[in-house]
Amino acid sequence: MGIYNFKEIENKWQEYWQDNGIFKAAPSDKPKFYCLEMFPYPSGKIHMGHVRNYTIGDVHSRYKWIQGYNVLHPMGFDAFGQPAENAAIKNKSKPDIWTSKCIESMKSELKKMGFSYDWDREVSTCDADYYKWNQWIFLKMFERGLAYKKASGVNWCPSCQTTLANEEVIDEGCWRCHAKVEQKDLEQWYLKITEYKERLLEDLQQLKDWPKRVVAMQSNWIGKSQGVEIYFRLKDSDKIIPVFTTRVDTIFGATYVVMAPEHPLVKEIIKGKKEEKEVLKFIERCAQESKAVRSKEDVKKEGVFTGCYCINPVNEEVIPLWIADYVLMEYGTGAIMAVPTHDQRDFLFAKEHRLSMRVVIKKLETSNQKPEETQEAYEGDGVQVNSGHFDGLSNQEAKIKIAEWMETKSIGKIQTHWRLRDWLISRQRYWGTPIPIVYCRKCGVVAVAYEDLPVRLPQEAPITGEGGSPLNKVEEFVEVSCPKCKGQARRETDTMATFFDSSWYFLRFASPKCTSNPFDIKEAKYWMQVDQYIGGIEHAILHLLYSRFFTKFFKDLGMVDYDEPFKRLLTQGMVLKDGEVMSKSKGNIVDPDSMIQKYGADSLRLFMLFAAPPETELEWDDRGLEGAFKFLNRVWRVQENLKEKSEERLIRAMHKAIKKITADFEEFKFNTAIASLMEFVNAIYQSQADREVFSNLLIMVSPIAPHFAEELWSLLGNKESIFKAAWPKCDPALIVEETVTVVVQVNGKVRSSIVVDAGISEDELKERSLADESVKKWIKDSPVKKVIVVPGKLVNIVI
RNA sequence: GCCGGGGUGGCGAAACUGGGAAACGCACGGGACUUAAAAUCCCGCGACCGCAAGGUUUUAAGGGUUCAAUUCCCUUCUCCGGCACCA
Numbered sequence: 001m002g003i004y005n006f007k008e009i010e011n012k013w014q015e016y017w018q019d020n021g022i023f024k025a026a027p028s029d030k031p032k033f034y035c036l037e038m039f040p041y042p043s044g045k046i047h048m049g050h051v052r053n054y055t056i057g058d059v060h061s062r063y064k065w066i067q068g069y070n071v072l073h074p075m076g077f078d079a080f081g082q083p084a085e086n087a088a089i090k091n092k093s094k095p096d097i098w099t100s101k102c103i104e105s106m107k108s109e110l111k112k113m114g115f116s117y118d119w120d121r122e123v124s125t126c127d128a129d130y131y132k133w134n135q136w137i138f139l140k141m142f143e144r145g146l147a148y149k150k151a152s153g154v155n156w157c158p159s160c161q162t163t164l165a166n167e168e169v170i171d172e173g174c175w176r177c178h179a180k181v182e183q184k185d186l187e188q189w190y191l192k193i194t195e196y197k198e199r200l201l202e203d204l205q206q207l208k209d210w211p212k213r214v215v216a217m218q219s220n221w222i223g224k225s226q227g228v229e230i231y232f233r234l235k236d237s238d239k240i241i242p243v244f245t246t247r248v249d250t251i252f253g254a255t256y257v258v259m260a261p262e263h264p265l266v267k268e269i270i271k272g273k274k275e276e277k278e279v280l281k282f283i284e285r286c287a288q289e290s291k292a293v294r295s296k297e298d299v300k301k302e303g304v305f306t307g308c309y310c311i312n313p314v315n316e317e318v319i320p321l322w323i324a325d326y327v328l329m330e331y332g333t334g335a336i337m338a339v340p341t342h343d344q345r346d347f348l349f350a351k352e353h354r355l356s357m358r359v360v361i362k363k364l365e366t367s368n369q370k371p372e373e374t375q376e377a378y379e380g381d382g383v384q385v386n387s388g389h390f391d392g393l394s395n396q397e398a399k400i401k402i403a404e405w406m407e408t409k410s411i412g413k414i415q416t417h418w419r420l421r422d423w424l425i426s427r428q429r430y431w432g433t434p435i436p437i438v439y440c441r442k443c444g445v446v447a448v449a450y451e452d453l454p455v456r457l458p459q460e461a462p463i464t465g466e467g468g469s470p471l472n473k474v475e476e477f478v479e480v481s482c483p484k485c486k487g488q489a490r491r492e493t494d495t496m497a498t499f500f501d502s503s504w505y506f507l508r509f510a511s512p513k514c515t516s517n518p519f520d521i522k523e524a525k526y527w528m529q530v531d532q533y534i535g536g537i538e539h540a541i542l543h544l545l546y547s548r549f550f551t552k553f554f555k556d557l558g559m560v561d562y563d564e565p566f567k568r569l570l571t572q573g574m575v576l577k578d579g580e581v582m583s584k585s586k587g588n589i590v591d592p593d594s595m596i597q598k599y600g601a602d603s604l605r606l607f608m609l610f611a612a613p614p615e616t617e618l619e620w621d622d623r624g625l626e627g628a629f630k631f632l633n634r635v636w637r638v639q640e641n642l643k644e645k646s647e648e649r650l651i652r653a654m655h656k657a658i659k660k661i662t663a664d665f666e667e668f669k670f671n672t673a674i675a676s677l678m679e680f681v682n683a684i685y686q687s688q689a690d691r692e693v694f695s696n697l698l699i700m701v702s703p704i705a706p707h708f709a710e711e712l713w714s715l716l717g718n719k720e721s722i723f724k725a726a727w728p729k730c731d732p733a734l735i736v737e738e739t740v741t742v743v744v745q746v747n748g749k750v751r752s753s754i755v756v757d758a759g760i761s762e763d764e765l766k767e768r769s770l771a772d773e774s775v776k777k778w779i780k781d782s783p784v785k786k787v788i789v790v791p792g793k794l795v796n797i798v799i
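Be aware that the first sequence starts at 1, since it is given in the numbering used here, and climbs by one per residue.
Among the hints, erroneous ones may be present.
[Stated by the list, open to error] With a straight-line cut-off of 25 Å between C-alpha atoms, the simulated BS3-like cross-links for lysine-lysine are:
1) LYS208 with LYS32
2) LYS281 with LYS267
3) LYS484 with LYS197
4) LYS150 with LYS12
5) LYS180 with LYS586
6) LYS719 with LYS30
7) LYS112 with LYS132
8) LYS555 with LYS197
9) LYS584 with LYS567
10) LYS180 with LYS150
11) LYS24 with LYS112
12) LYS409 with LYS235
13) LYS132 with LYS409
14) LYS401 with LYS363
15) LYS239 with LYS271
16) LYS555 with LYS208
17) LYS577 with LYS112
18) LYS32 with LYS111
19) LYS101 with LYS766
20) LYS484 with LYS45
21) LYS32 with LYS669
22) LYS239 with LYS409
23) LYS180 with LYS197
24) LYS224 with LYS555
25) LYS30 with LYS567
26) LYS724 with LYS656
27) LYS645 with LYS24
28) LYS630 with LYS643
It should be emphasised that the hints constitute simulated quantities derived from the structure, not laboratory data. Being a predicted model, the structure only gives us computed values, none of them experimental.
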């Protein structure tokens, strides 16, 4: 074991930072920097994921402090939610008591890591001072029709006994407990996030410093597809069957129309036909198949002819109308035009049922291929053929022209489909924000008055985990007089989804005690946007989409003047053990606290940053942690051997290190920054450092191992915190080398290297290279064809 | 299928804008110190051939562009993530 007493040191400096308010944020003339990590659910204990997430944020914040920024680096707790209720049921405790205990123990663990939070700004979403503003925001949305109640089919988790938002359903399971989600018809509260769909999609372009994959995931989720709704008339009838397509350029190749089995028109149009019986039988069979089975890709496409015909509005062609299970009622209009030549599904179906095909898009390179000969549909771009007066146009061009032409003839309408649905926020649970709505027999649905906020969550409620909303059974909560007519009324007893709480907490940190608004507009204007946000990829859609939505809503209220809350986003990778995610069930959890006991927080921080780049997965390694600890000890020993004056080569090495480390810190390349620190320390061991060199080393170590650096800094006799010191500057004059090593290649293979003056001319370098003994051996008598010179780097002789 | 990101030593990884592949560390091997061990310090460490000097070869596979390719282009394989009979 080493010699440095981390336990004592870490305690001492944590107290020092707290007592002296070193990391307190207050507006000033300095440039501001808002660094935020996703706040945790207070489970009571931190895990390695937290340690990694918060270490990255902490190092960045501390780096910004030393760079002279005015940093806001707050922390709080996403404290409403189900685990508190489950714990209440299990331990017969109360959610509020359980939660505040958890917050206390979690906070003390966070403090042990030495994170530079401004604890004066701590917020907890289960405090009435906080959730009051959830209610306020809800009412503002309600006034604008953005919060509304509707009856609809909803996702229901039978195990959590509550409804879920679409975003909370992962692979047909509950995101929290993985139980299979059921469908139920219920009347619930929704937020109209779809009102913002265009902006949510378009503003993704502003997010240049977000990981591409997060942007892609959000874009997928919003799911915009542009196309045309086309009206097919039923032959010998005035019935219209609308179909939706994104490939209107293939309309002249439609050879049949298909409706989903559940289509409401089906039963009506087949009435009396000789095919009626068979069609009904088919519909029956489809109804029994589960959605999961039906949407499996390799399942054979089945269908029946209805006996009816449709008329293609663009050419009056009469084509058969089919019913098939590969058409889904949930998407588009529940009916499609089938173009077997240019859609693979239609192609397979047409082959199976011997339906006709017609090519309308010709590939540029291939000749007149007959449809019967093709093995698959051609879905790419090409030139229009068999398409009336659109022949010869590129299909991309035709797409626009045909759509416009159809609109003028009223046979089609340009339309956009979205995947995004409104956000269901009602939860049949106790531990959440009460929805501030009252139901009055006379007045109907009535908003609670602003001055009556908060609607407090009653302390006592019968929590059983079943039988609907617990608040429903708390008479003194439910019974209320109507805010409008003062008559008898009942409160809404569902609570809000907890993602509501976290959709705006970053704004609250700007003014956590503000009593007039969710946040003080001036303070928020100073601190926002969040310059750097750091958190897990699991929030790529849920939390990040909701927060973007709320920010846009605040903009519409005139409370903020930007579109996006988070300028830069970093999604840190997971911490693995033996190639698997750490989890209780796998029994492979490494407890941060025990590691702090053994090696100290600084070593843990150092290891977390060194073992992998922040975005990638990190494989836990006990020996790696020990290595980090050894490195700190190695630095510690430097102090015992300080010299009067460093050699020049060490000074040069230092300036190189400053340049590289600074650049790496800027780009979150902590692993290579640490590698450079190690190289720098190795150089010190070759030559011995003076005070100045050692001081600079400490400053550059300080964001990573803050307690350790503070201690050595004070041992050097400094009276102020190292975080008040200035980041070292690289002197460009001192990193210019007098001599350089140039690699000499013959035919691209390294054959020698020569040391030359940095200022050497190209001709001279050429000469010196050709004169080199081992190079000569390789050239022998061969004529030199060409010599390529990369100044200061390399010479390649081509023979 | 579409979209996004990967594949480099025994392991974690590095490589600026096309210019010495494997920095830094872990593990391993050797040496110094020690009665001994630990700790520490120093050295070695992709593979193959060679006593050595040295040579050959190597960034998932194949091809291309180039004086020069982990880096650019094409094809293929494969892994991870999102969306998906989405018309």
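Measure nothing beyond the straight line between the CA atoms of LYS32 and LYS111; if it is 25 Å or shorter, mark the hint as holding.
holds, 24 Å
Does the structure keep LYS401 and LYS363 at a Cα separation of 25 Å or less?
holds, 20 Å
Within a Cα-Cα threshold of 25 Å, do LYS208 and LYS32 meet the stated pairing?
holds, 20 Å
Check the hint pairing LYS555 with LYS208 against an upper bound of 25 Å on the C-alpha distance.
Distance ~20 Å between LYS555 and LYS208 Cα, so the pair holds.
Do the alpha carbons of LYS484 and LYS197 lie within 25 Å of each other, as the hint requires?
Violated, at roughly 34 Å.
With a cut-off of 25 Å on the C-alpha distance, tell me whether LYS239 and LYS409 pass.
OK: LYS239 and LYS409 at ~18 Å, within 25 Å.
For the pair we were handed, LYS24 and LYS112, check the Cα-Cα distance against 25 Å.
The given pair, whose Cα atoms are some 18 Å apart, holds under the 25 Å limit.
Next pair to validate is LYS645 with LYS24; report whether the Cα-Cα distance is within 25 Å.
Given pair LYS645, LYS24 is violated - Cα atoms ~37 Å apart, limit 25 Å.
LYS719 and LYS30: Cα distance at most 25 Å?
Given pair LYS719, LYS30 holds - Cα atoms ~23 Å apart, limit 25 Å.
Please verify whether LYS630 and LYS643 have alpha carbons no more than 25 Å apart.
holds, 23 Å
Hinted pair, alpha-carbon criterion (25 Å max): LYS484, LYS45. Please report holds or violated.
Roughly 46 Å between the alpha carbons, so the hint for LYS484 and LYS45 is violated.
Is LYS150 close enough to LYS12, meaning Cα to Cα at most 25 Å?
violated, 57 Å
Checked against the numbered hints given earlier, the structure breaks hints 3, 4, 7, 9, 13, 19, 20, 23 and 27 and satisfies all the rest.
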